[in-house]
Structures are given as C-alpha cells and as structure tokens.
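Novice: The lines below spell out each chain.
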Amino acid sequence: MEEKVKEIIQRYSGDKSYLVPILQDVQKEFNYLPKDALYAVSTHLSVPVSRVYEVVTFYKAFSLKPKGRYQLSLCMGTACHVRGGELIARNVADTLGIKEGDTTADLEFSFETVGCLGACALGPILVVNGEYHGHMNIAKSTKILKKLGKKGATDDEQD
Amino acid sequence: MMSKIKSFDELKSVQERLKAGRDPKKPCITVCVGTGCLAYGTQKLVDSFREELAKRDLTGRIDFRTSGCHGFCERGPMVVISPEKVFYQRVGLMDAGEIIDKTVLKGEIIDRLLYVDPQTGEKYVHEDDVPFYKKQTRLVFGLNSKVDPQSMEDYLAIGGYSALGKALTTMKPEEIIQEVIKANLRGRGGGGFPAGWKWDETRKAKGEPKYIVCNADEGDPGAYMDRSLTEGNPHLVLEGMIIGAYAIGSSQGYIYVRNEYPLAVKNIHIAMRQAREAGLLGENILGTGFSFDLKINRGGGAFVCGESSALFASLEGRAGEPRAKYIHATDKGLYDKPTNLNNVETWANVPFIIERGADWYASIGTAGSKGTKIFSLVGKINNTGLVEVPMGTTLREIVFDIGGGIPEGRKFKAIQTGGPSGGCIPEKYLDMRVDFDELTKIGSMMGSGGMIVMDERNCMVDMARYFTNFLVSESCGKCVPCREGIRRMRDILVDITEGKGREEDVDLLEKMASSIVDGSLCALGSSAPNPVLSTIRYFRDEYMAHIKEKRCPAGVCKDLITYSVDPEKCTGCTLCAKVCPTGAASGERKKVHAIDPTKCTKCGACRESCKFEAIIVR
Amino acid sequence: MVNLTIDNKKIEAEAGQCILDAARENGIVIPTLCSHESLEPTGSCRLCVVEAKQGKRTRIVTSCLYPVAEGLVVDTKSERVMNVRRLVLQLLLARCPESEQLKEMAAEMGVAAEPRFTPDKDNVKCILCRMCVQTCEKIVGVSAIGFSYRGTQKNVCTPFQEDSLTCIGCGACAYVCPTGHIEMETTGDTRTIWGRTFKMKTCKVCGRYFAPEDQLAYISSKTGVPADNLAVCISCR
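Residue numbers (the working numbering), protein chains in the order written: chain A, 1 to 159; chain B, 1001 to 1618; chain C, 2001 to 2237.
The hints are simulated quantities; they were obtained by calculation from the structure and are not laboratory data. The structure displayed is predicted, hence computed values, not measured ones. Do not rely on the hints blindly, as some may be mistaken.
[Unchecked claim] Lysine-lysine pairs mimicking PhoX-like chemistry, simulated, CA-CA at most 20 Å apart:
id : chain 1 : residue 1 : chain 2 : residue 2
1  : B       : 1411      : B       : 1428
2  : B       : 1025      : B       : 1085
3  : A       : 28        : B       : 1266
4  : A       : 16        : C       : 2138
5  : A       : 140       : B       : 1602
[Unchecked claim] Not the full set, but computed from the structure, chain C residues with beta-carbon under 7 Å of chain A:
id : residue
6  : 2143
7  : 2146
8  : 2147
9  : 2148
10 : 2149
11 : 2150
12 : 2159
Note that beta-carbon positions come from the ideal geometry of N, C-alpha and C, so glycine has one too.
Just chain A, same shape as in the assembly (with noise of 0.2 Å):
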C-alpha cells in the first residue's frame, strides 16, 4: 500500500498543493481512503496527519468507509429536486435498509446523494456505478434496485 501511494504522489511531484488530487487518486485505487494510505500520504508528504485526516473529512469526495460494489449517487441538484428527487432518495435508503451515505454491511450497495450531475433534462438522476439512468421515479428505482440485488446473487453463485 505504502509504495502504490508512494508513486501517487510521486506523480505530482512530491506538491503538497495537490493534496486533494492525490487523495483522489489513492481513493481511486482502494476504492476508498484507509487509514495507513492516509498515514503513508502523511509521512511522504510531509503534510501533518491532522491535516491530511481534516482536508479528508471536509471535502464530501472522499470516504474512510469501504464502499459497495454497486455505488449508486442519486443527484439532489435542484432540477432533481423539485421533480421529486427527495421521495426517491426516500425510497432507495429504505430499501437498502441505509441512511444515504452509507453502505450495506455485505458490501453490496452504497448509497449516497450527490450534488447537481448537470444532467437536468434527465432528472431526476440515478447513477449506478457511472452508468446515468434519467427521468428516475420511485417504481423504477425499486426495480433497478431487484434487478442489481438478483444479478449480484447470480454472480455469486459463479464464483
């Protein structure tokens, strides 16, 4: 993990005024920011790890949780908004059984709202591992969700 950080940062030349590009990086590749990435960004850095752990939380990029396998942002721009974006956010964390902004404890689903995709002809949005899927209302959003839940129990059965 140490050396991985270590050839991110080395991408930015060691410039610690691309601290929030490079956690960006380092969450790219873990797919979120553990805790020893954040130290090894500290000491290589030489950035205090306060400081690292303070620019880490404030930005709503990033996360220190693991995230799911189906990362799903529904977009809460004001377009999204005032098309209903809020009971479909409603409905998605109740039926992932989550508050929005966390993840399942299989792993499976994170769920999160976002702010505007600059989609808004499609709005209300649902973006499901980047994939957009537009003019989301709450039926569709239930069905997305049993399609994602039966294909990730298919493709546990071939592992």
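Given the coordinates of chain A, work out where chains B and C should sit on it, guided by the hints.
Specialist: Just chains B and C, lined up with the frame of chain A:
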C-alpha cells in the same frame, strides 16, 4: 500531432489550410456527445454511425463529427445533418443506418425524428427554425456544435486562436485591459464584478509571480453551463485565459474543475496538450516571447470553494475555508500572490471581445450588463437545456418562447435564479429584463446562471427548506452565524413544513436573516438567507397556510397532506395499486380504487404513475 | 499613523493595525471569543464585528481583521452590530448550554437565550474558535489536533479520533480554550488529555511532577538542549 506554430502568420496559414479542407457542401453528420446526451446512451449511436458508414464504404466521403453540448438536452440524443442542418431529436440508438440511407444519401426527411413543438403541435425540419434555438443568440455557446471538443484542428478551422494571435502581436497588455473594460465584461460566476478592472488591479499589484485562475467548480445545483463549455469547447476557454494571462502579466495559471465532471477534466487535459504541442501554450507562444502555462486541479466536492478565498485554500491543498477579504485577491490571492480569478464563461467571452472589438460587444445587452448570458433552464419546463440570450431578455421570453412553457399545461409559479443563495421570482416579474442589476433589485441575483422553473405543484416553503438545507450541508463551519444560524433557520423551516410552525416564526426568520447577512464571514453565509427572504417576500400566504391552517397548498409537505382517489377520474386501471409499496392503494380492475390512509406513507408513487390525474393530494 | 474615529473618539493608530487592537489601546471594549495576542486572527466568532464608515460606504466588518484607515468612522455598538452579537451569542448558548463562560458573557451583555432554539444535548462546549488548533500547530508545532468535517458536523479532534502519535501532552490547547471544552486531568505522575495518558516527570530539585516526559523530550529535540538540563521545574530554575 500538430507541429509548433511559430508566428501569427503561420497560424493564419494553418487556419486557412484547415478551413479549405472543410468543404461546406460536403454532407456532415454531427452527433451531440455532451454529458446529457451521453447519459441517454449516445455513445452506442456514435459507434453505430461509424459502423454503418464503414459498411457502406462512406467513411471519408461523408464527414462525421461528435460535438459538445448543443444545449437542447431535453431532446437528446440529437443529430444534425449538414449542409441543410436537418435536426433530428430523441434519435433511437438503432437509427443510424436509416438516417444515412434516407436523409444523408437521398435527402429524405424521417418524420418521426423531427421536433414537434409541444405548445403548438408544429413540426420543424431545420435546426435554425426550432423555436428553442431561433430566439437565442448563441454567441459563445453556439460554437459547441461546430467543433469536436477533442480536435484542435476543428477549433482552428473555425478561426480559433485568431484573437490570441491578434492580442499577442498587435496589442499591448494595457490595450487589452482597456478593451475588456470598455466592453464592460462582468464576471459570469456570480458577483458580476467588471473583469477588466480586476485584470487591471492584478496587473498593477506588487508581487511576483502573478496567477490567473479559472473557476470551473460549478457548484450550483441545477446549473451546468460551465461544464458544457469546458467539455464542449475547451480551446475557447484556454484562448481566453492565455489572452488574459498576457494582459495581466502572468506566466502560471490554474483551472479548478469539479471532479464530478470527468468529461470536462478529460477534454481540457487533451486541449492543453494539443495547445502545448502547437506552441499556443507554454514557452514562447507564437514566437512572441510570451510564456504561460496551466495546471489543472480537481475539486473535492465543496460548494463553498466557489468563494475565491476558499478556492485558493483548496488549490493550496487545504480545507476550503474562506478568509475575510479586506485585502483583495488581486493583491493577495493564491499563495498570497496577486491573483485574478474568473469563471469559465467569463474567460470564454474574452476571445470575442478581442476579435470583434469592445464596441461591437457592448452593442449587445443592457446599459449595465453587456454581451450574452448562458442560462441553465431546468425544472418544470418543457425544453430543459442551456440557453444563451442577450442580457436584457425578459424572463417570459426565456421561459415561454425558448423554454416552451410548463409541462402538462400546469401553471407557472416561480423561477429561482442565482443558485441556492439566489431568490425565487414570482409571476408578476416575468416581464422583467434579466441582467445583473435588475435581478438584484428584486431580491435575487444572476449567480452563475441557474434558472429553476417551478409550477403549482412546488411548495415554496419546501423550496426554502431545500435550499437552506443544501447550504447547511455546504457551510464550511468556520464562522458562527453561517454554521449555527442557517441550521437554526432550517430547523424552523422544517417545523413549518411539518405543521409545527408558530405564528412568530416568520418574523424571527426575517430577523435572523438580516443578522446572518451582516455577520457572516463570506458570501456563502451572507447570501444564504436569500431563498428564505425571497419566498417570504413573495409567498407569505403560503407560509401562513402552513403555520395557521396546517395546510400545504401545493400538496408537497408530507405531514400536512393526505392522498385519496378522485372517483370521477379513476378508471380502475390498477396501476396505483401495483406501484404502491405498502398496499395502501387497492381496488378491483375497472372499479374506482381507494387509498387506505393508515397504510399510506405518502411516497407519491401512485400520483406519479396515475395517467388520469385521479390521485388527489390535499 | 492614521487618524480615525471609534465611538465618537478621535484616535491615532499605527497603519496596518486592526480596528480591534486600536480600540483596545484606547480603552474601548469590543467583545471577542476567538482572539489571542499570540495567534493570528481568524474572524470566526463574529462577536467583534463593528460598523465601519469609509466615505459614503457603511458596512459591518470584522474588527480583528479590518485594518485601520485614514478617516474611518467606527461604531462598535450600533444597532446592526448589537443584532449580530446578540444572534451570535444566542446561537452559541444553544450550541453549548453547559458553558459557564458563555452564560457569563451573555449575562454581561444582557442577552437572553432565544427560546425558539432548542439547546443541543451533546454537552459540547466547543465553539470552534480554532485557538487550540492554531496553538498546537503554530506555537507548539506538533499539529496533534485539527478540525474534521465541515458545517454543523465540524469538530476539533485528533486524527481518526484516536490517540495522537504527535501529542506531547503539553496542555496548551486546554489553556487557550475560552469555553472550558478541552478536558485535561493531571493527577500525580500522569496527565490525561485527548484520551491519551502521559507519564509526568519529577523535578530534579524539588521532586514534584511538573511536565510530561514527552513534552520535555520534544523540547530537547527541538532546541538541542540535553534532556537532563530540562529536568528542573520553573520554580526551581
């Protein structure tokens, strides 16, 4: 790869060569691949076009171009066939072959792909005739559909970088600044501060190096014009920045872009690499001795980073907390050095001013606001999309002529401008001419250009709660009035929407608001009460209905409404019973259904699904 | 030197000085919660706001940050100013209902709690003034504590809310805390702060426990003074 262009003359000949290579009569298929259209699955359509062209051995005989956002996102995927500019919308992912065979080769029009005006029922064949486009002035944004954002040749072929050549070889830095001042270009990011003055201050400030920064961290929920420019025409933004750098005397610039905009990050990276290879960025630009380079920083997801001092903190690798700005960024900004910050759209306007002159530019717009403005027209509107109009266009023209009015024949209620800290504007101001000053006068603001349309089914107290809640979660937490005050306002708004409001709450909200405006450290806090103040100002009776009668007139606030079935309208189609997650809605086929209030969770699924408007919410 | 007026009093102040310092030097009291002479002003508590008039422009400014200027007219107790201060105190009282210091300050200024604000129940006395974080970073130099999260979730803590590896137990943070939020307990040979317990060192002369061993080791490594020379308490030095 393009070899280095060493002079303005050489640039001109490269442009000429590229322009000559583009036969205006040659058929060209353009597909929009902005983020919105890609979200419709347009990539499959693009692949299919390439395949079908190859199959027919037409590759090369027919031009095919993928371009940035055309703005009419509601109607994606979109295809335009030149030279006639036939406009196809909501194109099916399997339609490529048919379009080539019929329209491109035979000139036949495919009726089902044409745009039909939802208000008049009229059909349109050509892009320029579509009302959505016809009433716009697409000065800055219009170039998007003419270029492949990943092709520098495309940009050069339409005369790109001419303004840079002109500026570097025929104008002194001071002359450029005077030109921008004369054009009265005002900051498109929200403040509306004259860009030329800012440039001038940065140029004159003591301290080296000087930085210029492009804010592409568009944080307003419901606004995406900066993204569409950055991903759709990155060279235009770069050209504006390089001209600005030369005028200001800066050799290093930064682009701070939202990490949620992966395509914008990618395209601007590609554009920078191309510009460097062509000698338009980096050392000794166009052989003039002027050197300037750029770095890209991705943001971490924080609305407050739209505030300049917070943006600089983030660029320096710190949490995005603002500082008090008694010393201007033009004197002490990034790394405490003189820094000029403008947003994407502002930079993108610069080449036009240099190329065509300040007088021409200033002939567009109103007395105090010049040029055009791109708005992101979203919400309860038929033609969701990006629209560019001259400053001074009325809200009515934007919403009804260009936007095509409100869907499903519902009634317009309000339009929110200026992002989460802007204000809600009621119907009586629809004929107001939109510019920086007029919007401020009625308690809203231009902001970066978000326009969210609301209809009778939107509750204004709920909207105030939504925006305030957004700001609570985006407050950096540094200063007390913003961190503590906005959440207390939010709590009171939540109480009101839950029927726990008190009569004195509205006065208390107003009182708190004025002290939060006065007492907050940065613009996020001092503008945060705007949505509450403007909704109280124009929709006080809606607040009162919630507080006194425990009633939500728009039928939104869950605790104040009940769902029932209108026996007159219900056809017994059973759809509501099917979608109801709790079994509250039930009934036999072809008989009037009913909703059991004890089981109903007011999730809204039945209302959403009902095709006959038979679900009553009171 | 520049000439300005604060509360109708004509004052001469050094250029570059902030309004707050100029006022204090002239016996004019402006309340503050996040200001300390050894620390950089941050303007986070907002109690020190004043109304400043320069030419035709009147605005509310932060007196700990706003530099004095020729002809500036300052009102430290205008209605707008008092409205801001009242709201700030009411908000802090609701956030930290247990803080004696805040209650005293509110009583002195005649500010009553706003009944519409339900007091927080988490018994936090921290107002996020950032004096402790600044002290730890800039004065002590160990950056053992810092901020985490943002907005209403913001708090001061050690990284991951675990024992800090860099904390030396000096207690400077507890010393500067204006509301008594940071708890430090020193009993006999141990001191506990931020959840971590430090072993105390005895004075070579009087034999009393006087400082954490980690602190002395840190001072020794920073200054190059041998640890043995530091083993004497201040009263015996």
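Novice: Any of the earlier hints contradicted here, and which numbers?
Specialist: Hint check: nothing fails, all pass.
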